[in-house]
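*Asks:* The listed protein sequences correspond, in order, to chains A and B. Residue 139 in the working numbering is what sits at position 139 of the first sequence, and the numbering runs on without skipping anything. Residue 40 in the working numbering is what sits at position 40 of the second sequence, and the numbering runs on without skipping anything.
It should be emphasised that the hints constitute simulated quantities derived from the structure, not laboratory data. Heads up, a few of these hints could be off.
Which copy is meant is left open, so a pair is good if it fits within one copy or across any two.
[As the list claims (entries may be wrong)] Cross-link-like lysine to aspartate or glutamate pairs, in silico, EDC-like; alpha carbons within 20 angstroms at most:
#1 Lys-208 <-> Glu-94
#2 Lys-229 <-> Asp-107
#3 Lys-269 <-> Asp-313
#4 Lys-109 <-> Glu-191
#5 Lys-37 <-> Glu-51
#6 Lys-269 <-> Glu-331
Protein chains: 2
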Amino acid sequence: MQATIITIGDEILIGQIVDSNSAFIAQELNTIGINVKQIFSIADNALAIKESITQAKKDTDIIILTGGLGPTKDDITKKTLCNYFNDTMLFYPEIEKHVKAIFKKYDLKYIAINKHQAEVPSKATVLFNEYGTAPGMWFDQEEKTIISLPGVPFEMKHLIREKVLAKLQEKYQRSHIAHQTILTYGKGESELAQDIAGWEDALPKFIKLAYLPSYGKVRLRLSGLHENKETLEKAIQTATDELIPLIEANFIGFEDDSLIQQLKKSLNKNKATVSTAESFTGGKLAGELTSISGSSSYFVGSIVSYATRIKEDVLQVPKDLIEKHSVVSKEVAEAMALGAQKIMQSDYAIATTGNAGPTKGDADAELGTVVIAIAHPNGVFSEIYNYGQPRDKVVKRAINQAIYLLLKKINKNEENMFASFK
Amino acid sequence: MQATIITIGDEILIGQIVDSNSAFIAQELNTIGINVKQIFSIADNALAIKESITQAKKDTDIIILTGGLGPTKDDITKKTLCNYFNDTMLFYPEIEKHVKAIFKKYDLKYIAINKHQAEVPSKATVLFNEYGTAPGMWFDQEEKTIISLPGVPFEMKHLIREKVLAKLQEKYQRSHIAHQTILTYGKGESELAQDIAGWEDALPKFIKLAYLPSYGKVRLRLSGLHENKETLEKAIQTATDELIPLIEANFIGFEDDSLIQQLKKSLNKNKATVSTAESFTGGKLAGELTSISGSSSYFVGSIVSYATRIKEDVLQVPKDLIEKHSVVSKEVAEAMALGAQKIMQSDYAIATTGNAGPTKGDADAELGTVVIAIAHPNGVFSEIYNYGQPRDKVVKRAINQAIYLLLKKINKNEENMFASFK
Numbered sequence: 001m002q003a004t005i006i007t008i009g010d011e012i013l014i015g016q017i018v019d020s021n022s023a024f025i026a027q028e029l030n031t032i033g034i035n036v037k038q039i040f041s042i043a044d045n046a047l048a049i050k051e052s053i054t055q056a057k058k059d060t061d062i063i064i065l066t067g068g069l070g071p072t073k074d075d076i077t078k079k080t081l082c083n084y085f086n087d088t089m090l091f092y093p094e095i096e097k098h099v100k101a102i103f104k105k106y107d108l109k110y111i112a113i114n115k116h117q118a119e120v121p122s123k124a125t126v127l128f129n130e131y132g133t134a135p136g137m138w139f140d141q142e143e144k145t146i147i148s149l150p151g152v153p154f155e156m157k158h159l160i161r162e163k164v165l166a167k168l169q170e171k172y173q174r175s176h177i178a179h180q181t182i183l184t185y186g187k188g189e190s191e192l193a194q195d196i197a198g199w200e201d202a203l204p205k206f207i208k209l210a211y212l213p214s215y216g217k218v219r220l221r222l223s224g225l226h227e228n229k230e231t232l233e234k235a236i237q238t239a240t241d242e243l244i245p246l247i248e249a250n251f252i253g254f255e256d257d258s259l260i261q262q263l264k265k266s267l268n269k270n271k272a273t274v275s276t277a278e279s280f281t282g283g284k285l286a287g288e289l290t291s292i293s294g295s296s297s298y299f300v301g302s303i304v305s306y307a308t309r310i311k312e313d314v315l316q317v318p319k320d321l322i323e324k325h326s327v328v329s330k331e332v333a334e335a336m337a338l339g340a341q342k343i344m345q346s347d348y349a350i351a352t353t354g355n356a357g358p359t360k361g362d363a364d365a366e367l368g369t370v371v372i373a374i375a376h377p378n379g380v381f382s383e384i385y386n387y388g389q390p391r392d393k394v395v396k397r398a399i400n401q402a403i404y405l406l407l408k409k410i411n412k413n414e415e416n417m418f419a420s421f422k
Numbered sequence: 001m002q003a004t005i006i007t008i009g010d011e012i013l014i015g016q017i018v019d020s021n022s023a024f025i026a027q028e029l030n031t032i033g034i035n036v037k038q039i040f041s042i043a044d045n046a047l048a049i050k051e052s053i054t055q056a057k058k059d060t061d062i063i064i065l066t067g068g069l070g071p072t073k074d075d076i077t078k079k080t081l082c083n084y085f086n087d088t089m090l091f092y093p094e095i096e097k098h099v100k101a102i103f104k105k106y107d108l109k110y111i112a113i114n115k116h117q118a119e120v121p122s123k124a125t126v127l128f129n130e131y132g133t134a135p136g137m138w139f140d141q142e143e144k145t146i147i148s149l150p151g152v153p154f155e156m157k158h159l160i161r162e163k164v165l166a167k168l169q170e171k172y173q174r175s176h177i178a179h180q181t182i183l184t185y186g187k188g189e190s191e192l193a194q195d196i197a198g199w200e201d202a203l204p205k206f207i208k209l210a211y212l213p214s215y216g217k218v219r220l221r222l223s224g225l226h227e228n229k230e231t232l233e234k235a236i237q238t239a240t241d242e243l244i245p246l247i248e249a250n251f252i253g254f255e256d257d258s259l260i261q262q263l264k265k266s267l268n269k270n271k272a273t274v275s276t277a278e279s280f281t282g283g284k285l286a287g288e289l290t291s292i293s294g295s296s297s298y299f300v301g302s303i304v305s306y307a308t309r310i311k312e313d314v315l316q317v318p319k320d321l322i323e324k325h326s327v328v329s330k331e332v333a334e335a336m337a338l339g340a341q342k343i344m345q346s347d348y349a350i351a352t353t354g355n356a357g358p359t360k361g362d363a364d365a366e367l368g369t370v371v372i373a374i375a376h377p378n379g380v381f382s383e384i385y386n387y388g389q390p391r392d393k394v395v396k397r398a399i400n401q402a403i404y405l406l407l408k409k410i411n412k413n414e415e416n417m418f419a420s421f422k
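Bound-form chain A, shown alone (with noise of 0.2 angstroms):
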């Protein structure tokens, strides 16, 4: 079973916005054994949009569209599918009635164009949006489905999960589609294919592989598509179970075990907490950090020391050690952990210090340049890097390394570093 994933709006095609929604809708789907064949993103114009669907219905059974369903001028998907299904607008007084009490809870006046909101072409099906304005629509068309979502992430994402799977699932009989994601750090991703080639050249026809760098990460993609589900399952299982030894000294996890992850199961595992003190990551480690729930289960706190005199007044950084070696050193970036964790007064403690560009700051250090230490119970150590530029990448790079560095020294007395996982 084959879908087409159709966004609608200018802001996609001159770079205003990034289209994440096709990604959430792409994961929903294929939890329901539907394949994605192909996303495609137009203008917020109709004959676009017709030939787009017509492209799509060639190929693909589902079509799913998002976007240009709001109240203003430039939004014209619905007043386009009515025209394209030859239909007529109905007016539904229920839609009308939930649109006024969304107005009315967020204070906002409602006026004469928001009434067109309750107008739904009459062959379409409603999808009833709780959490905005713009109703979802299905159009059957025999054996073809077209759907039609508001552009909003979390409007789209509450119909797609509470109204079109359950539907999708009614309507069509489909095949099994399985993933299986491993996760490895600090191997480039030639060395692992060399490292893995004769399992890969022996994994069965229906079995893909992909290699997804970023950041120091590589994942290892599986994807199985097979009538029977069984033997899917078993054959992307006893494909993994051959890989991970392959890979064992830089496997981290699986699918919903990144990094992160991993380091609250080992956190948790020890009843050990975590705090930060950041430099030029600015808060983002902490963000980083935070953003699973549970968080608060090992996170403590952070301390932002971004001008130099925090690091001294809040972190206790002498002042001599930063003049001698300077903001960006193993000696200050050790401070600031000690700080944190004496502080925060928790287990462990990260610090980052460094120049992520794309000027020079206080320091004098090579652009990229980037120390990270670590405070754990016994002592503290610290590492440089350098990760060139730009700006964001060398942020994103070393935060990932900081997480790893954390979950290395957790998990050094373990027979196998990541043998708590397995």
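Let chain A serve as the given structure and place chain B on it in line with the hints.
*Replies:* For chain B alone, kept in the frame of chain A given last:
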């Protein structure tokens, strides 16, 4: 002049990664007057690659492909293009030399399969990739151009900026494209639309208006396409000048003048500094405040008090205040802001506390409840909001609102709130 962007990679179609490359390419093409008609995301599959190029050639002259140029077996773009153009591979010793140097720099092992990175179809012009091992490729087919770039964002960006744009400008005569984006905050899109309906109807035919709402912001985007550059720029300027007085109370600034840029201007103008004390935002507000270059001119630092005891121990929020009012209260938020202001010795301080969800924390406040406090040179104030769910939306909305509240406070003595930006 119209372009198609084609991103190649199963990881996009299963939703494992979000395609942010296309937005970058679209922006850059726009700056040289090339309009992106459509974006296709397709599988790592030879047939899909060939079909999408054929489809794109129908409507557009310039086709830019990204992805699938790595050294591993799942990367098939180069081989597919070689086949599509009935071509053979040519080995470039200078590319191999460069690839070896990169492996040496990052301390990676150079192995046999990396040699293929130095092969390029003979009909292609090589776009030398200084930052990576996969060369870009440029194919001329009379008036059409097919360009293949690596999918790694900073490599792709380098090739677009340093090689592709100049070559496209050399090859094609182009119409002129111009955009103007006006940022508003605090009013819904339908009410804004009503306020400016007369102005919108009077816009010249070659100018389009779009409304782009996002977490309390609404961007109004004017886009124009015209043969004559002067006519176009004048029309956009006139439209903008007429628009501003109609939306005065909600006007924040222009394209690059996001909320945070405006805050930077206001703080710099007043030679003032800011710090933050963060609970549920977990460092992400500090991350936002340090996301633009030059942020060290106004941002001092942050205390992320994720654990309640850090609110007491570090931020000096009285224990009985927390017991009496709970951590999610105006009283605690204000004490946090004053604590940060004092410790960081900043002129202003922003504090956040709330229940972002998905489960309740230390407080009994309803999910989605957010308190933002602003400490300023003459005192402190706070506001309570409920931003509903999900968690991610609550955090983003609160960060925007916090920056907005501070901006309003700093500028309130101006004749008009945002008078300084006009």
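*Asks:* For each hint, tell me whether it holds in the structure or not.
*Replies:* Going through the hints against the structure:
1. Lys-208 <-> Glu-94: neither (48 angstroms within a copy, 33 angstroms between copies)
2. Lys-229 <-> Asp-107: This pair counts as neither: shortest intra-copy Cα distance 50 angstroms, inter-copy 43 angstroms.
3. Lys-269 <-> Asp-313: This pair counts as neither: shortest intra-copy Cα distance 34 angstroms, inter-copy 26 angstroms.
4. Lys-109 <-> Glu-191: between (60 angstroms within a copy, 7 angstroms between copies)
5. Lys-37 <-> Glu-51: both (17 angstroms within a copy, 12 angstroms between copies)
6. Lys-269 <-> Glu-331: Cα proximity of Lys-269 and Glu-331: none, with 31 angstroms in one copy and 36 angstroms across.
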